[in-house]
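*Asks:* Here is how the chains run, residue by residue.
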Amino acid sequence: MSIALRGISKQFGEFAAVKNIDLDVPTGALIALLGPSGCGKTTLLRIIAGLETPDEGQVLFDGRDATLWPIRDRKVGFVFQHYALFRHMSVFENVAFGLKVKPRRERPAAAEIRNKVNSLLELVQLEWSGDRYPAQLSGGQRQRVALARALAVAPDVLLLDEPFGALDSQVRHELRRWLRRLHDELHFTSIFVTHDQQEAIEVADTIAVLNRGRIEQSGVPSEVYDLPTSAFVHRFLGQVNELPVQVRGGRAYVGPIDISSTAAVAGGATGHIALIRPHEIEIGPEAAGWPAIVTAVRVIGPIVRLELCAEGQPVNEPLEAEISRERFEGERFGAGQRVGLRFRRWQVYPTGGAAA
Amino acid sequence: MAAAELRRPAGRAEPGRLLLIAVALTFLVLFLVLPLLAVFVQALTKGISAYWAAVSNPIAWAAVKLTLTVAAIAVPFNLVFGVAAAWAIAKFEFRGKSTLITLIDLPFAVSPVIAGLIFILLFGAHGWFGGFLRVHHIRVVFAVPGIVLATIFVTFPFIARELIPVMQAQGKDDEETALSLGATGWQTFWRVTLPNIRWGLMYGVLLCNARAMGEFGAVSVVSGHIRGMTNTMPLQVEILYNEYNYAAAFAVASLLALLALLTLAGKSFLEWRQPELRHAARQARDRTRRENT
Chain G
3 MSIALRGISK QFGEFAAVKN IDLDVPTGAL IALLGPSGCG KTTLLRIIAG LETPDEGQVL
63 FDGRDATLWP IRDRKVGFVF QHYALFRHMS VFENVAFGLK VKPRRERPAA AEIRNKVNSL
123 LELVQLEWSG DRYPAQLSGG QRQRVALARA LAVAPDVLLL DEPFGALDSQ VRHELRRWLR
183 RLHDELHFTS IFVTHDQQEA IEVADTIAVL NRGRIEQSGV PSEVYDLPTS AFVHRFLGQV
243 NELPVQVRGG RAYVGPIDIS STAAVAGGAT GHIALIRPHE IEIGPEAAGW PAIVTAVRVI
303 GPIVRLELCA EGQPVNEPLE AEISRERFEG ERFGAGQRVG LRFRRWQVYP TGGAAA
Chain H
4 MAAAELRRPA GRAEPGRLLL IAVALTFLVL FLVLPLLAVF VQALTKGISA YWAAVSNPIA
64 WAAVKLTLTV AAIAVPFNLV FGVAAAWAIA KFEFRGKSTL ITLIDLPFAV SPVIAGLIFI
124 LLFGAHGWFG GFLRVHHIRV VFAVPGIVLA TIFVTFPFIA RELIPVMQAQ GKDDEETALS
184 LGATGWQTFW RVTLPNIRWG LMYGVLLCNA RAMGEFGAVS VVSGHIRGMT NTMPLQVEIL
244 YNEYNYAAAF AVASLLALLA LLTLAGKSFL EWRQPELRHA ARQARDRTRR ENT
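Sequence order for the protein chains is G and H. In terms of this note's numbering, the first sequence opens at residue 3 and continues consecutively. In terms of this note's numbering, the second sequence opens at residue 4 and continues consecutively.
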């Protein structure tokens, strides 16, 4: 089922949670709503689910206006961050719940329910857990039960609110890959909310980045990551170095480096900043770039992070650069070493307006 | 015996702990156990047959029946109200919510005598609705309806107060999940909400019941003290006592105390069963862990 949002706004008292949001989710898509806490992403998800009613705008399901449909008519599966398993029911009863509450004429026979639940538990690799209670399961297992329970009623749309937020990173990583596989096998439309950019990039086909109740940018993950349209998105999707842009004689500079080729500062506009990701900084001999001193080296598995104090920069705001482990093994940068910096890529934004 | 048991796990003397326990136990004996014993001792001073005569007296029986009837009406009423109020407060946002919470607490704040007087003012012969009631031959004050009303008023907050924190702590996730799975509001209540609040609800009912049976002040004002008609057990005890009929007074009092003890026993039984369930879950968990390793 395709979902479309048209001009959705929602206020909570004085606080505008979402403002005039348009979004299209085609059938079968897996889309991430990404943003910091309080950006409105959960409110938006709850509006799609029917758990909140928007003040303005329309929710369209397959082109039909579903704005005022009650939640139980929407055929959405909703998965909460804290699982919301019914603690007084066994795992089997939890998964069977959606089938057992169907009106008598639609309700499958007991044997059919049993088969369905067992196959769902198999799908989430918990076939042994039917007569356990939620309190006896780990976080990752509970979340898989919650997913099986949501899938039991064959929803057209799966909505997940920070589904992996309460899990430790190992389990989280596994569940992400598993969710992606499940989505590809079962072909439902999925929308999930997260504040974790890596999770969004790893799992989703499309990312919509939200900030202060608005969608700042949406697109495929690589596009949003590589071509952010605002400083906010640039900052939110990964580590960045922020450096002031100086305009001298009609050309733009960061330190001594000329960045005029991409910076539209011909009008002499001051008050711009350049955002450069750690892996976009190139480190060479001192003479070949912006002179800097290595102040710290940290090896993080396959990458090595260097802290650099560039000439003319405040000492307490070192730049961060990342190089590969192989390169580090070859060149052996150490603290105190003098190097020269160049930038492979950068983006320039005005300092006003786009502040996060 | 208690002291010996206490010393064993500690391994060495802990004067502070022992002192605290001694103080608590002394107070308990002085102010609870002794008076309770005194009730039963006094009731039996003139022998079993006198006790039996006092207890099987038709007027005493009428008081017992009235007390149980009033509790049987007031408790279900407050059960429905308490669940509805706690549900509204815990699961919805609306204007005047804090006012509602304050209002629910009102019976705790107001003296029971005043609570009784309110009903005299409303339904008494010279009250607001007095004329209307006289014309239609309905008796409220100095009759059973008045006693029920006063009891409901006084026991109003018990169940709601017990449930509100429980329901607030549980949030709305479970209910929203049930709705998204296609359950109706009614199914959600019976299958999800009620099982989640059952312990709090039972506590609330027990407390409400204890107070409904024991209420004196408010009921005294509206009852009219008609023997065998509008006297509840606490009122009957007072009347007998004022007539210097100590043995009979204490006999009825002992029945009331017995009902209270039954209520407490019920509460302890629930408390005893709940850890039992938790214990079972823990055992099962340990078993899982053993199997996995």
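What the hints contain is simulated information worked out from the structure, not anything from laboratory work. Computed from a predicted structure; not experimentally measured. Positions of the beta carbon are idealized from the N, C-alpha and C atoms, including for glycine. One or more of the hints may lead you astray.
As the list claims (entries may be wrong) - No farther apart than 35 Å at their CA atoms in a straight line, the calculated lysine-lysine pairs in the DSBU-like style are these:
id, chain 1, residue 1, chain 2, residue 2
1, H, K94, G, K102
2, H, K270, G, K118
3, G, K102, H, K270
4, G, K21, H, K175
5, G, K21, H, K94
6, H, K68, G, K102
7, H, K100, G, K118
8, H, K100, G, K21
9, G, K77, G, K104
10, G, K104, H, K68
11, G, K77, H, K94
12, H, K94, G, K104
13, H, K175, G, K77
14, H, K270, G, K77
15, H, K175, H, K49
Unchecked claim - Listed below are several chain H residues computed to face chain G (Cβ distance under 10 Å; list not exhaustive):
id, residue
16, Q171
17, A172
18, G174
19, E179
20, T187
*Asks:* Would you mind marking each hint as holding or not holding in the structure?
*Replies:* Each hint, compared with the structure:
Our distance criterion of 35 Å between C-alpha atoms is met by K94(H) and K102(G), whose separation comes to about 24 Å. A hinted pair counts as satisfied when its Cα atoms are at most 35 Å apart, and K270(H) with K118(G) does not qualify at roughly 41 Å. With a C-alpha separation of about 33 Å, the suggested pairing of K102(G) with K270(H) holds against the 35 Å cut-off. Our distance criterion of 35 Å between C-alpha atoms is met by K21(G) and K175(H), whose separation comes to about 25 Å.
Straight-line distance between C-alpha atoms of K21(G) and K94(H) comes to about 25 Å, which keeps the hinted pair within the 35 Å bound. With a C-alpha separation of about 44 Å, the suggested pair K68(H) and K102(G) falls outside the 35 Å cut-off, and the hint is violated. With a C-alpha separation of about 44 Å, the suggested pair K100(H) and K118(G) falls outside the 35 Å cut-off, and the hint is violated. Note on K100(H) and K21(G): the hinted pairing holds, with a Cα-Cα distance of about 28 Å set against a maximum of 35 Å.
For the suggested pair K77(G) and K104(G), the alpha carbons sit about 13 Å apart, so the restraint of at most 35 Å is met. Restraint check for K104(G) and K68(H): the C-alpha separation of about 45 Å exceeds 35 Å, so the hint is violated. For the hint linking K77(G) to K94(H), the alpha-carbon distance of about 23 Å falls within 35 Å, and the restraint holds. Only pairs whose Cα atoms come within 35 Å are accepted, and K94(H) paired with K104(G) is accepted, the gap being roughly 24 Å.
For the suggested pair K175(H) and K77(G), the alpha carbons sit about 19 Å apart, so the restraint of at most 35 Å is met. Straight-line distance between C-alpha atoms of K270(H) and K77(G) comes to about 43 Å, which puts the hinted pair past the 35 Å bound. Among the hinted pairs, K175(H) with K49(H) is inconsistent with the structure: their alpha-carbon atoms are about 59 Å apart, more than 35 Å. Contact between Q171(H) and chain G, as hinted, is not supported at the beta carbon level, the nearest pair being about 15 Å apart and thus beyond 10 Å.
The closest approach between the C-beta of A172(H) and any C-beta of chain G is roughly 13 Å, which is over the 10 Å cut-off, so the hint fails. Contact between G174(H) and chain G, as hinted, is supported at the beta carbon level, the nearest pair being about 9 Å apart and thus within 10 Å. Here the hint on E179(H) is kept, as its CB sits about 6 Å from the closest CB of chain G, short of 10 Å. Because the smallest distance between the Cβ of T187(H) and any Cβ of chain G comes to about 7 Å, under 10 Å, the interface hint for this residue holds.
In this structure, the hints that do not hold are numbers 2, 6, 7, 10, 14, 15, 16, 17, in rising order.
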